[in-house]
Amino acid sequence: MIARLADGVPRKGLWLLAALLLLLTLFPLFASGYLLAIGFLILYFAYVGQAWNVMMGFAGQLSLGHSLYVGLGAYAAAALYVHFGVSPWIGLGAAIGISMLAGAAIGFLAFRFGVAGVYFAILTIAFAEFARIGFDHFAWVRGSSGLFLPVANYTENDLWNLRGSPVMFYYLMLAMTAGAFVLCHALLRSRMGYYWLAIRESPEAAAALGVNVFRYKMYAVVISAAMTSLSGVVFAFYYNNLFPEQIFHISRSIELILGPIIGGIGTLVGPIVGAFLLTGLAEGLRELMLQLGIDVPGVKQVFYGLCLLLVIMFLPDGVWPPLARKLGLHR
Amino acid sequence: MPVEIYLNVAASGLLTGLVYGLMALGLSVIFGVVRVVNFAHGEMMTLAMYLTLLLFSALKLDPLVLLVPIAAVLFVFGYLLQAGLINPFINRPEHSQFMLLVAIGLILVNAQLIAFGPDAQGIRTAYSFDSYQLGPLIVDASKVYAAGAALVVAAALFAFFRFTLRGKSIRACADNYQGALVVGLNVKHLYALTFGIGAACVGAAGAMLMAVTDVTPTIGPSYTLLAFVIVITGGLGSMGGALLGGLLIGLTEALGGVLFTPSAKSMFAFGLLVLVLLFRPQGILGRKTA
Amino acid sequence: MSRLELRGVSKSFRGLKAVSAASFDVAPGGIHALIGPNGAGKTTIFNVVAGVYAPDAGEVLFDGRAIHGLRPDQVCAAGVGRTFQIVRPFAGLSVLDNVTVGALQAIKDVPAAKKHAAGIIEKLGLSAKRDLPASSLTLPDRKRLEVARALATRPKLLLLDEVMAGLRPTECDQIVAIFRELNRAEGLTILLIEHVMRAVMALAQRIVVLHHGEVIAQGTPDEVVRDPAVLESYLGEETEV
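Protein chains in written order, with numbering that gives the first Met the number 0: chain A, 0 to 330; chain B, 0 to 289; chain C, 0 to 240.
One or more hints might be untrue.
Stated by the list, open to error - Restraint ranges, calculated between C-beta atoms of paired labels, are given here:
#1 A/137 to B/151: 42 to 48 Å
#2 C/53 to B/79: 38 to 44 Å
#3 B/34 to C/53: 28 to 34 Å
Unchecked claim - Partial list, computed: chain A residues near chain C (C-beta under 10 Å):
#4 17
#5 184
#6 188
#7 197
#8 200
Hints listed in this document are in silico derivations from the structure and should not be mistaken for laboratory results.
Backbone N, C-alpha and C fix where the C-beta goes; we use that ideal spot for every residue, glycine too.
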């Protein structure tokens, strides 16, 4: 199984991946609390970027409302924990179930009624916004005043209840990111992966070759939604507070797709590279502002926007594809 | 609650809806011709609003007068944006265009945050507290003026596209890009012109909206969303559709606000959007494309 | 029993009749051609057979089973492969991956499907370009790729929509030879739309002539070229030009 997964991957690529994994595994040993938090953030964005990439990069369906699945996952697990003390790993079942249902509903409505392209993208925004406002008035999860998870000083890491140190969360996120990478790699090489790419390139030609376009688009949405909701669960237990205004907000959706676009859409490494670059850039700029003594809100984001602008102008396929060619690695 | 309240709220919603409609008209014109979805639309709107604020406090001119110079400034801004940054992206995939405009929007929001600070600001005109009474209806004077001006600007735009040679050549570009190239139209210039016109609509709408409501830098994305909802409801690319969508969304939000809670009002707008997308994906007045 | 049978198939677009009451059949193992002037409704018939459009009236039978109203992927699964007149390669994928998508219809296992695809690529003389992205191919190669993809689904009936157009005579002869061989060795039934009469005459055992959406003649090539209605429709077209 493992041998077959590695089949056809350039040896150099495997070595680089192994080196990266080793580096990330050792990272907490010498990282400060601040660096560890950034490391967590990078892995978080790498993971959700990968999840979003399944839908857009593989199957070609542009979702601008992925905050919906993050939020549903976060709220499902957190509410079950707060109200009934249910372990997040059991809550995860509910989180994934609800997100998959939401994804299936959106996908079914859109694909059955022929909503595509820009219209589909805006439909996904509409559902996320709908949820944002809806949760603002959803008393069971405390509405707009926010849902808080009980916080205490934990002497031991309790993985079962996801209560513990940042290091535990870091390793959890690392495992998820690595898992998502392997899963996406396997998906891409499966029959489904081929069918997704065919649909992305030309749905008409795919259908003529026997691909049930509707069904495989549905699989893409549902799998992407399920993966994304898992990140929501971890998000909730890491930050311990949830506000509909924040978690469902459209800027969250945009934030999570910048990584894969900057990194290289449709590639496996792109979301990871993008997460490193963007999180690194944001933190670097923050540090720079601190050094320069600039304390005006907005300055950092202007530079961030300028960098995005430059990357998208000069590297239309993202950073990874040209980098991979330089390194002698095929996609 | 007495019926009059609903009537008043509905009338007020319709009037504001016309101003929203004008803003959305800009988005619709841009998409209809350039085929680019302007994800920085709301950010351009707040830019226009801040310009109104500045000029109002400096010159003490009425927003309804200011809308002319502000539309002109936004026109130039839009023209340069399209000519300089967006034109090279015309044949790029949607997500690439989306990234570009998100980056532009991000820069605009934060530049405004730096320039004007995070607090809400507004202006007070001589007629801010005036109102008209029409039978049982009481409506704000500023909303009546703003809606009237929106109609005038929209009518001028209709006339431009219908009767002038320039307007007709822009429509030719929209119908057939290759054909327009073949007959020797300078498509890139016409695209820039179109983006400029779309931006000018936003400029005019922003000036008028300033007479009715306050502005903060971070409200931009909400206006972008609002414009999306309106044009898709009315029909993306249809000019009449944008105004109709504005009226519908204005009405829906206003009535949703009184019937339920004000904070849930945009849920009804999104609900309407979802219904329209599912049952008439091309929008109420949109043309069906194969 | 016919491999493919159309019974009174009609299809209109916004009141314009593209095909009206067309009936013909294709025998198993046969090579039939569908000819007619531009706008005669040939591609519409293909699209009706392939499940892109449901006919307004009439029936399409494949091996005696009604397939009209099925989706394109269901028609493909039933054993009908097709090419598009305006080629639709999966531009970002390699030639091998393009054909593998088709092969996965017949063979669920990916490595086995790849092997099958490679064999078909070889047969169509595209082996040298196997790992190139489809977007880098020339038009004749793209047409070959269309054929390779459709063949990879292991169809019993292959619908070819102007795959010879734009090819040089030698290339044309090559591809004709390939179809002959497939027909002979595997019993593949072929229905082709073609303007290149050289290919039609060389391949087709029977010809169906369409004009303004109606079948005006059908028979062997010899019968058809002597048919007065055919001559008139073609000459009529000629004089208009």
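Hints, verified against the model:
1. A/137 to B/151: 42 to 48 Å: 43 Å Cβ-Cβ, so the 42 to 48 Å window holds.
2. C/53 to B/79: 38 to 44 Å: 50 Å Cβ-Cβ, so the 38 to 44 Å window is violated.
3. B/34 to C/53: 28 to 34 Å: holds (31 Å)
4. 17: violated (25 Å)
5. 184: violated (13 Å)
6. 188: Where the cut-off is 10 Å and the nearest Cβ of chain C is about 6 Å from residue 188 of chain A, the hint holds.
7. 197: For residue 197 of chain A, the interface hint holds, since the closest Cβ of chain C sits about 4 Å away, which is under 10 Å.
8. 200: This interface hint holds because 4 Å falls under the 10 Å limit.
Checked against the numbered hints above, the structure breaks hints 2, 4 and 5 and satisfies the rest.
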